[in-house]
Amino acid sequence: MGVNEKFNPIRKGLLEFLVLKIIAADKVYAADILKQLRATEFATQEGTLYPLLSKMRREKLLDYEWKESEAGPPRKYYELTAKGREQLRETTEYWQKISGTVKDLGRAPAG
Amino acid sequence: MNKVVTIHLRGAAFQLEEAGYDALRAYLDGAARRLEGNPDKDEIIADIEQAIADKCRAVLGAYKNVVVAAEITQIIEEMGPVQDAAAEGEERPAGEAAGAAAAGPAACAAGSGAAGAEAGTPPRVRRLYKLHEGAMLAGVCNGLAAYFGIDPTIVRIAFVLVTFFWGFGILLYLILAVILPSPATTAEKSAAYGIPATAQEFIRRARDGYYEGMRTWGDRRAHREWRRRFKHEMKGWGYRLKREVQETADRAQQQWHQHWQPPAWTPPAWTPPPGPPFLLLITLPFVALARGLLAVFAFFAVISLLATHTVFGVAPPAGMPLWAALILLLVIISIISWPLKVLRHAGYWHAGRGAYFVPPIFWFVDTVVAIGCAVLAIWCINRYVPHAHEALQAVPAVLHNLVDTVKQWWAGH
Numbered sequence: 004m005g006v007n008e009k010f011n012p013i014r015k016g017l018l019e020f021l022v023l024k025i026i027a028a029d030k031v032y033a034a035d036i037l038k039q040l041r042a043t044e045f046a047t048q049e050g051t052l053y054p055l056l057s058k059m060r061r062e063k064l065l066d067y068e069w070k071e072s073e074a075g076p077p078r079k080y081y082e083l084t085a086k087g088r089e090q091l092r093e094t095t096e097y098w099q100k101i102s103g104t105v106k107d108l109g110r111a112p113a114g
Numbered sequence: 030m031n032k033v034v035t036i037h038l039r040g041a042a043f044q045l046e047e048a049g050y051d052a053l054r055a056y057l058d059g060a061a062r063r064l065e066g067n068p069d070k071d072e073i074i075a076d077i078e079q080a081i082a083d084k085c086r087a088v089l090g091a092y093k094n095v096v097v098a099a100e101i102t103q104i105i106e107e108m109g110p111v112q113d114a115a116a117e118g119e120e121r122p123a124g125e126a127a128g129a130a131a132a133g134p135a136a137c138a139a140g141s142g143a144a145g146a147e148a149g150t151p152p153r154v155r156r157l158y159k160l161h162e163g164a165m166l167a168g169v170c171n172g173l174a175a176y177f178g179i180d181p182t183i184v185r186i187a188f189v190l191v192t193f194f195w196g197f198g199i200l201l202y203l204i205l206a207v208i209l210p211s212p213a214t215t216a217e218k219s220a221a222y223g224i225p226a227t228a229q230e231f232i233r234r235a236r237d238g239y240y241e242g243m244r245t246w247g248d249r250r251a252h253r254e255w256r257r258r259f260k261h262e263m264k265g266w267g268y269r270l271k272r273e274v275q276e277t278a279d280r281a282q283q284q285w286h287q288h289w290q291p292p293a294w295t296p297p298a299w300t301p302p303p304g305p306p307f308l309l310l311i312t313l314p315f316v317a318l319a320r321g322l323l324a325v326f327a328f329f330a331v332i333s334l335l336a337t338h339t340v341f342g343v344a345p346p347a348g349m350p351l352w353a354a355l356i357l358l359l360v361i362i363s364i365i366s367w368p369l370k371v372l373r374h375a376g377y378w379h380a381g382r383g384a385y386f387v388p389p390i391f392w393f394v395d396t397v398v399a400i401g402c403a404v405l406a407i408w409c410i411n412r413y414v415p416h417a418h419e420a421l422q423a424v425p426a427v428l429h430n431l432v433d434t435v436k437q438w439w440a441g442h
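Listed in order, the protein sequences are those of chains A and B. Going by our numbering, 34 is the number at position 31 of the first sequence; the sequence numbering is gapless. Going by our numbering, 172 is the number at position 143 of the second sequence; the sequence numbering is gapless.
Only chain A is shown next, with the shape it has when bound in the complex (with noise of 0.2 Å):
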């Protein structure tokens, strides 16, 4: 298992977060979400993101709307709710304590 592997479980739990992010920069449709994934460390696909994106719905943290576009059928526009924003705004502070615990840990005291 190399290092890659092992840190799965670690991308597959922020996922989620990092969907709340790119959900709340824009009104965006699942394409796009995908496309913004791509270039990182998150490239998702498909079949992991829908049962996603409807969960997250099912708890109130997103909502969608239909809209036409200008070629194909019409698209599911996310866009995040109140709750949404709520649990953004939560687990950005968290992500910020446990990356400062990341670095600080194990340094050499200060001072």
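Incorrect hints may have been included.
What the hints assert, rightly or not - Simulated crosslink set (BS3-like; lysine-lysine; CA at most 27 Å straight-line): (1) 32/B / 30/A; (2) 38/A / 93/B; (3) 70/A / 106/A; (4) 9/A / 30/A; (5) 100/A / 9/A; (6) 24/A / 63/A; (7) 70/A / 9/A; (8) 106/A / 30/A; (9) 32/B / 38/A; (10) 79/A / 260/B; (11) 24/A / 84/B; (12) 24/A / 70/A; (13) 24/A / 79/A; (14) 100/A / 70/A; (15) 38/A / 70/A; (16) 260/B / 32/B; (17) 32/B / 93/B; (18) 70/A / 84/B.
What the hints assert, rightly or not - So the derived list for chain A, only partly shown, Cβ under 10 Å to chain B, looks like this: (19) 34; (20) 39; (21) 50; (22) 51; (23) 60; (24) 78; (25) 84; (26) 85; (27) 108; (28) 110.
What the hints contain is simulated information worked out from the structure, not anything from laboratory work. Given the structure is predicted, the values throughout are model-derived calculations rather than measurements. Even glycine gets a Cβ: it sits at the ideal position worked out from N, Cα and C.
Since chain A is already given, all that's left is putting chain B on it; use the hints.
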């Protein structure tokens, strides 16, 4: 040269190579199975079909109007296996998901990709639940029927018969009503039905196929093609469903035999007295009559207890809860019915000349007389005793009350 299959995905038609069609079918079937019990299953499948349609569109051009098998494989690989986020979410609170190590095996499986849908099929669980939809009382019969995959009416009739002939049907029902849980989630609900995958898939196929048929209505050739395929497919699924139900029934029967068959009973070395057994045989119908009357009595005694909390005016010991009084009543009734039972079995003994063989005709006459006089008695009472008529009409409400009382009592402890 390869055969082409026309499909539609979210309202747009595509032509696929046959091998590609099979792979896609397997992928979508696998997805549907994994999302079993997810309330948004249909919606997720629709989204996935939409994404596949977009990807198919991308590989088609002005002079290329068939999606080849390799491209489908590629698309399926890109889509990745469908993983039910909700199933994992139920196990851990969503807020902690960020830090916690989320389920590993599913993530590892992601690499295998492709159409290996069969490999990841979740094991089918089957559990006994009370099912309230379509229930008449507390849903016990309904749940049992779902568990064994049979019609609830059969289970209800069985319960009524058991109550009539042995008296413990009601008791059994009450116990089951108290101890069986109700399914809380959709997953549990589908576990109540043991064989959901095939049956629900069957329904989904039928519905999808039907829509496709409606859509190809205008194009006669496509419609004919659809009809041929649809018939063929439905037939296959019908066989599978039938076979599975059959297997389940066989298994249940086998288990029943293993666990419940009484040990072979050897009659003691006793020759029947030489006296004429006719007397006893003639008494059999009377015994049946008495048993029938006793059953009627038991029925009204139970109703009386439930409605007035006394058995025909006789109050149970002070401080005894209703359910205990009911059990006591049933025990008393079965004690009273013992001598009649013994008499009846003695009659059978004679009829069988010591071999304890019950000639079907005796059993039949016995049963018919018992049921007949019970029905007659209930009818008479219902007809000529206005008070009883009211009581009978109140039976469903009383039973509902009783079930509620028992439930509250259970919840209170």
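Cross-check of the supplied hints:
1. Taken as a hint, the residue 32/B and residue 30/A pair is broken in the structure, with Cα atoms around 42 Å apart against an allowance of 27 Å.
2. The hinted pair formed by residue 38/A and residue 93/B meets the criterion: a straight-line CA distance of about 26 Å does not exceed 27 Å.
3. Annotation: proposed proximity of residue 70/A to residue 106/A is violated, straight-line Cα distance about 43 Å (limit 27 Å).
4. For the proposed pair residue 9/A and residue 30/A, the alpha carbon gap of about 33 Å is over 27 Å, so the pair is violated.
5. Straight-line distance between C-alpha atoms of residue 100/A and residue 9/A comes to about 22 Å, which keeps the hinted pair within the 27 Å bound.
6. Pair hint residue 24/A plus residue 63/A holds up; C-alpha atoms about 16 Å apart against a cutoff of 27 Å.
7. At most 27 Å may separate the alpha-carbon atoms for a hinted pair to count; residue 70/A and residue 9/A exceed this at roughly 39 Å.
8. Taking the CA atoms of residue 106/A and residue 30/A, the gap is about 33 Å. The hint is violated against a cut of 27 Å.
9. Under the criterion of a C-alpha separation no larger than 27 Å, the hint pairing residue 32/B with residue 38/A is inconsistent with the structure, at around 34 Å.
10. For the hint pairing residue 79/A with residue 260/B, the CA-to-CA distance comes to about 34 Å; that exceeds 27 Å, so the pair is violated.
11. A threshold of 27 Å between alpha carbons decides the hint, and for residue 24/A with residue 84/B the separation of about 26 Å falls inside it, so the pair holds.
12. This hinted pair checks out: residue 24/A and residue 70/A have alpha carbons roughly 21 Å apart, not beyond 27 Å.
13. For the hint linking residue 24/A to residue 79/A, the alpha-carbon distance of about 18 Å falls within 27 Å, and the restraint holds.
14. Distance check on the hinted pair: residue 100/A and residue 70/A sit about 38 Å apart at the alpha-carbon level, beyond 27 Å; violated.
15. About 19 Å separates the Cα atoms of residue 38/A and residue 70/A, which keeps this hinted pair within 27 Å; it holds.
16. With a C-alpha separation of about 19 Å, the suggested pairing of residue 260/B with residue 32/B holds against the 27 Å cut-off.
17. With a CA separation close to 15 Å, the supplied pair residue 32/B and residue 93/B stays within the 27 Å bound.
18. Note on residue 70/A and residue 84/B: the hinted pairing holds, with a Cα-Cα distance of about 19 Å set against a maximum of 27 Å.
19. Hint on residue 34/A holds. Least Cβ distance to chain B is approximately 7 Å, under the 10 Å limit.
20. With 10 Å as the threshold, the beta carbon of residue 39/A stays out of range of chain B, its nearest partner Cβ sitting at about 16 Å, so the hint is violated.
21. Hint on residue 50/A holds. Least Cβ distance to chain B is approximately 4 Å, under the 10 Å limit.
22. Given the 10 Å rule on beta carbons, the hint for residue 51/A holds: about 5 Å separates it from the nearest Cβ of chain B.
23. A hinted interface residue such as residue 60/A counts as satisfied when its beta carbon comes closer than 10 Å to some beta carbon of chain B; here the least separation is about 8 Å, so the hint holds.
24. A least Cβ separation of about 8 Å between residue 78/A and chain B falls short of the 10 Å threshold, and the interface hint therefore holds.
25. Given hint, residue 84/A at the interface with chain B, is violated; its Cβ is 14 Å from that chain's nearest Cβ, farther than 10 Å.
26. At its closest, the beta carbon of residue 85/A sits 16 Å from a beta carbon of chain B; the interface hint therefore is violated under the 10 Å criterion.
27. A least Cβ separation of about 15 Å between residue 108/A and chain B goes past the 10 Å threshold, and the interface hint is therefore violated.
28. At its closest, the beta carbon of residue 110/A sits 21 Å from a beta carbon of chain B; the interface hint therefore is violated under the 10 Å criterion.
This entry does not satisfy hints 1, 3, 4, 7, 8, 9, 10, 14, 20, 25, 26, 27, 28, going by the numbered hints stated previously.
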